[in-house]
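Engineer: What follows is the residue order along each chain.
Number of protein chains: 2
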Amino acid sequence: MGKTSGTRGTSAMENRVRSLPREESGQPEEIFGLDPDFVAEIDDALEDGHEDVVRELVVPLHYADCADLIESLHGEHRQRLIELLRPDFNPEVLPELPDDIRDQIVETYGFADFAAIIEELDSDDAVYILDRLDEAEQAHVLARLPIETRTIIEQGLNYPEYSAGRIMQRELVAVPNYWTVGEAIDYLRSNAVLPEDFYVLFVVDPRHRPVGVVRLNRLLRAKRPVKLRDVMSTEMDILPVDMDQEDVAFLFRRKDLLSAPVTDASGRLVGRITIDDIVDVIDEEAEDDILRLAGLSESSIYVSTWETVRNRFTWLLVNLGTAILASLVIGLFEDMLTKVVALAVLMPIVASMGGNAGTQTLTIAVRGLAMKELTPSNAMRILGKELLVGGINGLAFAVLTGAVAWAWFDEPMIGAVIAMAMVINLVIAALVGLLIPLGLERLKIDPAVASGVFLTTVTDVVGFFAFLGLATIFLL
Amino acid sequence: MGKTSGTRGTSAMENRVRSLPREESGQPEEIFGLDPDFVAEIDDALEDGHEDVVRELVVPLHYADCADLIESLHGEHRQRLIELLRPDFNPEVLPELPDDIRDQIVETYGFADFAAIIEELDSDDAVYILDRLDEAEQAHVLARLPIETRTIIEQGLNYPEYSAGRIMQRELVAVPNYWTVGEAIDYLRSNAVLPEDFYVLFVVDPRHRPVGVVRLNRLLRAKRPVKLRDVMSTEMDILPVDMDQEDVAFLFRRKDLLSAPVTDASGRLVGRITIDDIVDVIDEEAEDDILRLAGLSESSIYVSTWETVRNRFTWLLVNLGTAILASLVIGLFEDMLTKVVALAVLMPIVASMGGNAGTQTLTIAVRGLAMKELTPSNAMRILGKELLVGGINGLAFAVLTGAVAWAWFDEPMIGAVIAMAMVINLVIAALVGLLIPLGLERLKIDPAVASGVFLTTVTDVVGFFAFLGLATIFLL
Numbered sequence: 001m002g003k004t005s006g007t008r009g010t011s012a013m014e015n016r017v018r019s020l021p022r023e024e025s026g027q028p029e030e031i032f033g034l035d036p037d038f039v040a041e042i043d044d045a046l047e048d049g050h051e052d053v054v055r056e057l058v059v060p061l062h063y064a065d066c067a068d069l070i071e072s073l074h075g076e077h078r079q080r081l082i083e084l085l086r087p088d089f090n091p092e093v094l095p096e097l098p099d100d101i102r103d104q105i106v107e108t109y110g111f112a113d114f115a116a117i118i119e120e121l122d123s124d125d126a127v128y129i130l131d132r133l134d135e136a137e138q139a140h141v142l143a144r145l146p147i148e149t150r151t152i153i154e155q156g157l158n159y160p161e162y163s164a165g166r167i168m169q170r171e172l173v174a175v176p177n178y179w180t181v182g183e184a185i186d187y188l189r190s191n192a193v194l195p196e197d198f199y200v201l202f203v204v205d206p207r208h209r210p211v212g213v214v215r216l217n218r219l220l221r222a223k224r225p226v227k228l229r230d231v232m233s234t235e236m237d238i239l240p241v242d243m244d245q246e247d248v249a250f251l252f253r254r255k256d257l258l259s260a261p262v263t264d265a266s267g268r269l270v271g272r273i274t275i276d277d278i279v280d281v282i283d284e285e286a287e288d289d290i291l292r293l294a295g296l297s298e299s300s301i302y303v304s305t306w307e308t309v310r311n312r313f314t315w316l317l318v319n320l321g322t323a324i325l326a327s328l329v330i331g332l333f334e335d336m337l338t339k340v341v342a343l344a345v346l347m348p349i350v351a352s353m354g355g356n357a358g359t360q361t362l363t364i365a366v367r368g369l370a371m372k373e374l375t376p377s378n379a380m381r382i383l384g385k386e387l388l389v390g391g392i393n394g395l396a397f398a399v400l401t402g403a404v405a406w407a408w409f410d411e412p413m414i415g416a417v418i419a420m421a422m423v424i425n426l427v428i429a430a431l432v433g434l435l436i437p438l439g440l441e442r443l444k445i446d447p448a449v450a451s452g453v454f455l456t457t458v459t460d461v462v463g464f465f466a467f468l469g470l471a472t473i474f475l476l
Numbered sequence: 001m002g003k004t005s006g007t008r009g010t011s012a013m014e015n016r017v018r019s020l021p022r023e024e025s026g027q028p029e030e031i032f033g034l035d036p037d038f039v040a041e042i043d044d045a046l047e048d049g050h051e052d053v054v055r056e057l058v059v060p061l062h063y064a065d066c067a068d069l070i071e072s073l074h075g076e077h078r079q080r081l082i083e084l085l086r087p088d089f090n091p092e093v094l095p096e097l098p099d100d101i102r103d104q105i106v107e108t109y110g111f112a113d114f115a116a117i118i119e120e121l122d123s124d125d126a127v128y129i130l131d132r133l134d135e136a137e138q139a140h141v142l143a144r145l146p147i148e149t150r151t152i153i154e155q156g157l158n159y160p161e162y163s164a165g166r167i168m169q170r171e172l173v174a175v176p177n178y179w180t181v182g183e184a185i186d187y188l189r190s191n192a193v194l195p196e197d198f199y200v201l202f203v204v205d206p207r208h209r210p211v212g213v214v215r216l217n218r219l220l221r222a223k224r225p226v227k228l229r230d231v232m233s234t235e236m237d238i239l240p241v242d243m244d245q246e247d248v249a250f251l252f253r254r255k256d257l258l259s260a261p262v263t264d265a266s267g268r269l270v271g272r273i274t275i276d277d278i279v280d281v282i283d284e285e286a287e288d289d290i291l292r293l294a295g296l297s298e299s300s301i302y303v304s305t306w307e308t309v310r311n312r313f314t315w316l317l318v319n320l321g322t323a324i325l326a327s328l329v330i331g332l333f334e335d336m337l338t339k340v341v342a343l344a345v346l347m348p349i350v351a352s353m354g355g356n357a358g359t360q361t362l363t364i365a366v367r368g369l370a371m372k373e374l375t376p377s378n379a380m381r382i383l384g385k386e387l388l389v390g391g392i393n394g395l396a397f398a399v400l401t402g403a404v405a406w407a408w409f410d411e412p413m414i415g416a417v418i419a420m421a422m423v424i425n426l427v428i429a430a431l432v433g434l435l436i437p438l439g440l441e442r443l444k445i446d447p448a449v450a451s452g453v454f455l456t457t458v459t460d461v462v463g464f465f466a467f468l469g470l471a472t473i474f475l476l
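Respectively, the protein sequence lines represent chains A and B.
Note that UniProt numbering gives residue 113 to position 113 of the first sequence, counting from 1, and the numbers run on in steps of one.
Note that UniProt numbering gives residue 340 to position 340 of the second sequence, counting from 1, and the numbers run on in steps of one.
Next up, chain A with everything else stripped away, as it sits in the complex:
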């Protein structure tokens, strides 16, 4: 399976250097995505049955644009476009599509033709797509692939999800460590089954374990009789196939790596991961943190309405539970509230400030864990700092809020009570904002998910309880 990225489906654009518009273009945000007018044009052409026009416009598109176009169309039109593209379908479009549209393509083209498209993809993309088909479809497609491709993909599917083995590419050039520069160059010139593109040669020992890397520019600049071992760099990080992809991404970032060899349990070279594979992992990781902090499991605005309703319902239900818990706390002080109605007016302030201050600490902690800045060794120091920050801001807002409350209700004791409750809640918020993600991490649960609910439950309950409880003590 040759590496075909960036070469297929581009014939119509060859010899056309695309220079991006400069400042004279008023709308830089429009230079990337698909022009809505273009989508409308295709839509009209499909409506009118001008198939030639559609093919002429769509076939030369970059695969990312083509995928966006397919996604933008609906119903009958999308189906017709998929059918029209069949003879020239660009395999690179597949990984860019959401699962349901990919299923539609499998149904339209049938397993044999779909397998033919899969075969032209890089092994990592092929594994990604096969993994996302349902089991029956997967078996049907695999059965229609040539034995070598099938074996490679099946191996890929056997690696744990989110592991280095899943994101690596099998396509690489490995050369023995006893070769000279001349032998390597002759091999590259002679051999027909090389990957389409590569930037380094991996040097392996007789047991196929990686011992070094030769960058092509070194190879080009060296003299033919020089031994590869004298131009290779041995400064490399070797990744086990089962390494977690987030750890791989962290290592790439920390060490500014461009590529790294991947080895199986016996140390044999089985693939390579390059920095461009890592970009997707980084995007996913950041996306996950952002979405989970807001209690979302959908990943894009394209998810269907019904699925969106269901996804969000669960989270809102949990929130309803915690809101009711907070109300139960308030309910404990019903008598007090009828006597001093000012308390009902002011009580959301304490809870809200605690929730916001806690979210600040929580967000820093979740990102610190994700970026491996927050570790068991510095957790105590950070806790001390967060408690101090919570205490200082707690005092500042105690003074401010106390003064406002006193002025508003002309009752100094109400000011004193809200001030005390504020300090308590902001310190608790700092404590809990840090301990929740650390605790989840230790339990091997993603610290981003569910942290927010726990936090606001605590800050609401503590906020209402401290404020109304102190009021009961000091105002009666």
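Hints listed in this document are in silico derivations from the structure and should not be mistaken for laboratory results.
Any given hint could be a false lead.
As the list claims (entries may be wrong) - Facing chain B, according to a computed beta carbon distance under 7 Å, are these residues of chain A, among others:
hint	residue
1	L216
2	D276
3	A286
4	A294
5	F313
What the hints assert, rightly or not - Listed next, the in silico DSSO-like pairs over lysine-lysine satisfying Cα-Cα at most 30 Å (straight line):
hint	chain 1	residue 1	chain 2	residue 2
6	A	K255	A	K372
7	B	K444	B	K372
8	A	K339	A	K372
9	A	K223	B	K223
10	A	K255	B	K255
11	A	K339	B	K339
12	A	K372	B	K223
13	B	K444	B	K255
These numbers were taken from a predicted model, which means no experiment stands behind them.
All residues carry an ideal CB built from backbone N, CA and C; glycine is no exception.
Starting from the structure of chain A, add chain B where the hints point.
Structural biologist: What follows is chain B alone, placed relative to chain A:
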């Protein structure tokens, strides 16, 4: 200025292939960062004045580890380590350090020695560091650089912040379009001032405008008399120097680019951006979104306590304002609250559910804008969907909450009122959660920043007003 990354300061580690631990290592999270025991060992050695031991242990460290070590030490020990490292200071450590420690190094080494370190860095790293010094320091360091290096860095500093010009590297290999493969290879073999590492040749026309790219593996595999224009790829995106870095990152992701030429206003090739430069931009961008959504401007857990207090204070102050606004709304209904205390108990539920539902919509919208999935052309469709989702979940939670309230206070009308308020607030939350980021984007303000305050202000005010207002109508 030669490209030196990855080759300096590694001599002690050459010939040492680092294989990462496999599953037998119980604590995979510890394989990356610095071992706390190691830090303690260095700390002790510094305390006891064992300078040789410190140098022996620290000099061979990877630059990322070395930077972490400097950051982990405090006061006198950090200062002593910086002094000890002076003769072997690895320039790559500099970009990894926070600003205040970099200032400490400038002070310790003096401008001349600091300039000598800067000179060994890639142009993009040098520009980054100079940019972060204060003006006086910047002028002193620039004055001590050789004229060519200074010119390059000054040009870099003149490009707008966050532009392609700031993140590009000037080091590249450009060859004329009339050369043959043989001529290019001879040039690479002869020329002494080439960058340390490169993966492609940029082919330029006589006016130094990029016309194509030759990947080194193509060059190696082609015959000497072949023209470069016959092996070059013209499928490339050319980036203007003033393009926004987030747009550059978007383009790299969308098109799966590995590198792209950067041109000045007259179309001349002035630099190149590679995918590894983009990783930092992507990280920053995601980080910004995450932090701004939580109202944070600090970027790491390492920020000092005092700065953290100040950063968070501002945001909490804004929140206090909105919380007081919500209290004012509650204050309008004081009479009502004394008559029906159940309202005080239940009212936080409506506000809280609105805030959470709105945050879900808001987060999806902010990410959709950042990833350029949400555009003017599909905003109306997404709005329709979000309103529908808000309405459906609003009805679901109206039923649930209404039933709970009815059962709790044994008063059907309280259930009906909270149910109506819930539907209103969840629909408003969806509307506002989408319109706020869209509006900020149109005003060219980062949609992530401040969205959250506006949103919760609206959901609190609407929540309390709808619930207490409806109660006034229906319960009296």
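Engineer: Work down the list of hints and note, for each, if the structure agrees.
Structural biologist: Verification of the supplied hints:
no. : hint               : in the structure
1   : L216               : holds, 4 Å
2   : D276               : holds, 5 Å
3   : A286               : holds, 3 Å
4   : A294               : holds, 4 Å
5   : F313               : holds, 6 Å
6   : A:K255 with A:K372 : holds, 14 Å
7   : B:K444 with B:K372 : holds, 14 Å
8   : A:K339 with A:K372 : violated, 51 Å
9   : A:K223 with B:K223 : holds, 17 Å
10  : A:K255 with B:K255 : holds, 25 Å
11  : A:K339 with B:K339 : holds, 11 Å
12  : A:K372 with B:K223 : violated, 49 Å
13  : B:K444 with B:K255 : holds, 25 Å
When each numbered hint is compared with the structure, violations occur for hints 8, 12.
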